[in-house]
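Chemist: Below are the chains, spelled out letter by letter.
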Amino acid sequence: MKLGNNTFLKNLKKDNLPENNILFWDTSLLVAAIIHHEQSDMRKAAIDFIDRLVKERTHVAFSSILIDEFIYVSTINELKKSQGTKSQAKKALERKDNLVIMPHIKDIENNMVALNNIISKFGTRLRLIIPNEAGIVTKALELQCKYRLDRADSIHITTMLFGSQRDIGCFDRHDFCKVDGINIWCKY
Amino acid sequence: MEEKRKRREKQIESIFKLYNGSAVVYHTPKISSKSIAQICSSGSHIAKGISINELINEARK
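If you're matching them up, the sequences are chains W and Y in order.
Heads up: the first sequence begins at -5 in my numbering, then just goes up one per residue.
Heads up: the second sequence begins at 1297 in my numbering, then just goes up one per residue.
Chain W with its partners taken away, still in its complex shape:
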C-alpha cells in the first residue's frame, strides 16, 4: 500500500495546535473513546486526546455523516456481543432481526448518550457540517475511486478539504493515510 505524504501528530500541546485551531473529527476517534474495551490503550488515548481538546478550547467540526456512522458501528458492536462475529452481526442487522436487535437497544442508546455528552462539552465551539455542497460530493466520489475509500471516510476528508483545512482527529491510520497532505492527529 502506498502511503500518502502525511503528518502524524500524537499530542496536542499549547504550542502545537491544529492549523487555525480547528480540528475535524473522524468517527474512529469517538468509537475508540466510547465503544472500545475499557482496558484498551486506544480507548485511553482517545479519552485523553478529547480531554485535551476540551481544555485547549479547540474548535471541532465534523460531517453529519459521523452520526450515521457512529450509530452503525455502535449497533454492529452491540450485536456482535450476542452474535459472536462481526459478520454475523451485520447479517442480523441486514435481516432486521427483531429478536436479535431489541435486547441491545438500551446499550446502543447508552452509546448515543455518551456521544451527545462529549459533543456538548464543546458548546458553540463545535460545528456540524451537512455535506450537501456539490463540491463535497463530487470530490468524495473521486476519492472513493482513487483511494478505494469507503463512503463515510471519503466524506469526512472532503468535508474538511472543502474548508481548506487539513487537520483531522482520527484513529484509522490505514484508510486516512492513503490521501496526501492530511495532518492526522492522535496516531495510534
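The set of hints was computed from the structure by calculation and includes no laboratory data.
Even glycine gets a Cβ: it sits at the ideal position worked out from N, Cα and C.
Check each hint, because a few of them may be wrong.
[What the hints assert, rightly or not] Ranges of calculated distance between the beta carbons of each label pair, as one might list FRET restraints: (1) Y:V1320 to W:V131: 31 to 41 Å; (2) W:Q138 to Y:V1321: 50 to 60 Å; (3) W:R142 to Y:L1314: 24 to 34 Å; (4) Y:E1298 to W:E136: 38 to 48 Å; (5) W:K140 to Y:E1298: 42 to 52 Å.
Once you have looked at the hints, place chain Y on chain W.
Modeler: This is chain Y only, laid out in the frame that chain W set:
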C-alpha cells in the same frame, strides 16, 4: 489576549462561511462537571446497570 481571541474567532467564522450555511452549531444539552473519562464510561461496555434515565437527567442538568 481578548483581542487575539476575537481575531481567532473571526478567522474561524470565515472558514465556516466557506460552507455556505451548511456548517451549523450543534446544540446539545449542557452537561455538568462530568469529565470526558466519566462520559465515555457511560457507554455500553461498562454501563450495565446504569439507568438510562439517570444518564439523560444528568445530561439535562
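Chemist: Could you work out which earlier hints the structure fails to respect and list their numbers in ascending sequence?
Modeler: Hints 1, 2 are the ones this structure does not satisfy, whereas the remaining hints hold.
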